[in-house]
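Q: Protein chains in written order, with the numbering used here: chain A, 2 to 301; chain B, 411 to 606.
Do not rely on the hints blindly, as some may be mistaken.
To be verified - Straight-line Cα separation of at most 16 Å, EDC-like style, residue types lysine to aspartate or glutamate; simulated pairs:
hint	chain 1	residue 1	chain 2	residue 2
1	B	LYS480	A	GLU192
2	B	LYS591	A	GLU110
3	A	LYS175	A	ASP130
4	B	LYS579	A	GLU274
5	A	LYS109	B	GLU499
6	B	LYS480	A	ASP286
7	B	LYS591	A	GLU111
8	B	LYS563	B	GLU587
9	B	LYS571	A	ASP286
10	B	LYS540	B	GLU587
11	A	LYS275	B	GLU578
12	A	LYS193	A	ASP169
13	B	LYS598	A	ASP169
14	B	LYS598	A	GLU102
15	B	LYS593	A	GLU111
16	B	LYS593	A	ASP178
17	A	LYS5	A	ASP38
18	B	LYS598	A	GLU274
19	B	LYS571	A	GLU274
Unchecked claim - Chain B stretches covered by chain A per the calculated footprint, using a threshold of three residues with CB under 8 Å from any CB of chain A:
hint	region
20	467–481
21	489–503
22	528–537
23	547–558
Calculated directly from the structure, the hints in this document are not laboratory data. Don't be surprised by glycine CBs; every beta carbon is placed ideally from N, CA and C.
Each chain, letter by letter, is given below.
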Amino acid sequence: MRLKVAVYWGCVIPTIQYGYEMSVRAVMPKLDVELIDLNNISCCGTPVKSVNMPAALYLASRNLALAEKTGLKNLFLPCNGCYLSLSEAQHLLSHDEELKERVSTLLKEENLQYNGSTRIWHTIDLLHDLVKEEKIRKAVKHPLTGLKLAVHYGCHVLRPSTLQMVDDSEYPRKMDDLVEWLNAESTPYPEKLDCCGALLLLSHPDAAFTFSGLKMKAVQEWGADALVVSCPSCQMMFDMRQKSAAATIGAKLSIPVLYYTQLLGFVMGIETEKLGLHLNRSPVDELLRKAGLISATASP
Amino acid sequence: MQSSVVENLKIIMPIKASFTIPISMSITDLTSTKRPDSALRLKVQAMIGEQKPYNCFQCIRCTSGCPSMKMLELKPHEIVSLAKLGFIEELLTSGILWTCATCLKCKERCPQAVAPADLIFALRNLAVEKEVKVPESFLHSLSAILETGFIQKPQNTVTRKLERVNREKLGLPEFHEPDEKFKAAFFKALEQSQEE
């Protein structure tokens with residue numbers, strides 16, 4: 002059965018985190034998920050929330066309205082920030098008539114309408130609950146037997162549980178399952194729910210890098226072979242800025258960091274360049290070598 | 411809704427035992443002659459959803475799990491306490507509001523269903539409205555969105571082999587900004603919220 006979903010990429014993924022977009026576009030059709038890109042979209046509202054909450058709500062609602070226009074029931078949001086913003090908007094608009102009316106008036110400027118008929122999904126629950134175990138296990142060509150992987154969910158798809166979220170806020174399991182379906186082991190580690198610090202990066206960079214650095218140090222010390230993420234901001238902190246984090250906390254960090262969809266595509270036998278794995282800054286070649294998926298002589 | 415807020419405040423306000431004096435926060439010395447501002451207090455409460463600060467009994471669960479507490483001395487329970495009492499100006503000018511990483515653990519774990527993170531967002535909004543010093547990066551994102559619809563345009567990047575690439579070279583479809591009508595509508599949304 003083929004599943005058609007609207008996809009909203011947000012700001013961070015299509016402007017710099019190309020590895021996520023490439024791997025999602027490469028993996029999903031092979032799992033019978035057809036992605037329909039939305040037209041005319043804008044920022045989800047997250048960066049505006051600190052400055053002007055009503056304007057942030059308007060931005061989130063606008064994108065939900067654009068998704069409704071496609072007539073598709075399911076909307077896929079690969080970015081955690083976008084997921085929280087749109088989930089919160091759905092909650093507010095269904096609980097507060099006055100707010101809904103104010104937003105509706107603004108949406109009319111562009112002939113848009115919000116009805117609240119869309120179901121939102123993130124990469125984690127889309128793969129876990131819609132694609133499901135059987136299909137994922139079947140797609141695995143190179144099982145990751147013997148590898149220990151640490152998963153990082155990212156704050157904004159778990160909290161607050163008063164909104165629709167992808168998993169339990171304190172004991173999430175879905176991403177662990179996803180990793181185990183590839184025959185890898187999901188490393189239990191106490192720092193699993195810790196924040197990456199991305200939202201402090203611009204105002205307090207040293208603090209932000211201490212957040213990400215301490216988490217990676219822990220992951221390394223627990224013996225994980227890699228850190229698996231599914232949020233573009235977290236990936237930026239752990240992968241792109243791993244060296245800055247190491248310098249800030251004064252530790253040697255060398256942990257491969259990659260998106261779950263990159264890992265998945267990789268075990269499905271998709272070429273690394275199609276998954277954007279050549280864009281990761283962290284030592285992912287080490288992981289691929291350990292998994293026996295590239296030869297030991299391949300240059301880093 | 412509004413009247414029940416006032417009723418609750420009447421009950422709670424005489425009890426000041428829960429108030430803790432902030433020691434390490436860079437907030438104005440509260441032993442000064444500064445008096446609480448109840449109008450601003452009500453304004454902040456109206457800005458946040460159903461999770462109001464007056465339910466807080468200072469169990470400090472929020473602060474114990476706050477990652478910014480370890481690094482930047484953010485203490486969510488003190489922010490709640492000060493907001494509850496009406497020391498809003500002190501909060502706006504302290505700069506501590508901008509140390510929150512928005513991990514939302516405080517909102518998730520509060521046994522009284524208070525949401526310190528929501529309160530921090532409301533106070534940040536108010537700091538912007540009152541033109542108190544605000545980290546530039548936040549305003550920068552806003553002007554980028556007004557201009558292009560997103561926080562930034564697609565950036566060039568490099569591979570691990572230091573090869574310069576962009577969306578096109580990576581085989582990704584063209585990136586589109588929203589059309590002109592968006593700007594006008596977003597501008598209106600910003601203006602409208604300033605009027606209230």
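Q: Which numbered hints are broken by the structure, listed smallest first?
A: Hints 5, 6, 10, 13, 16, 18 and 21 not satisfied by this model.
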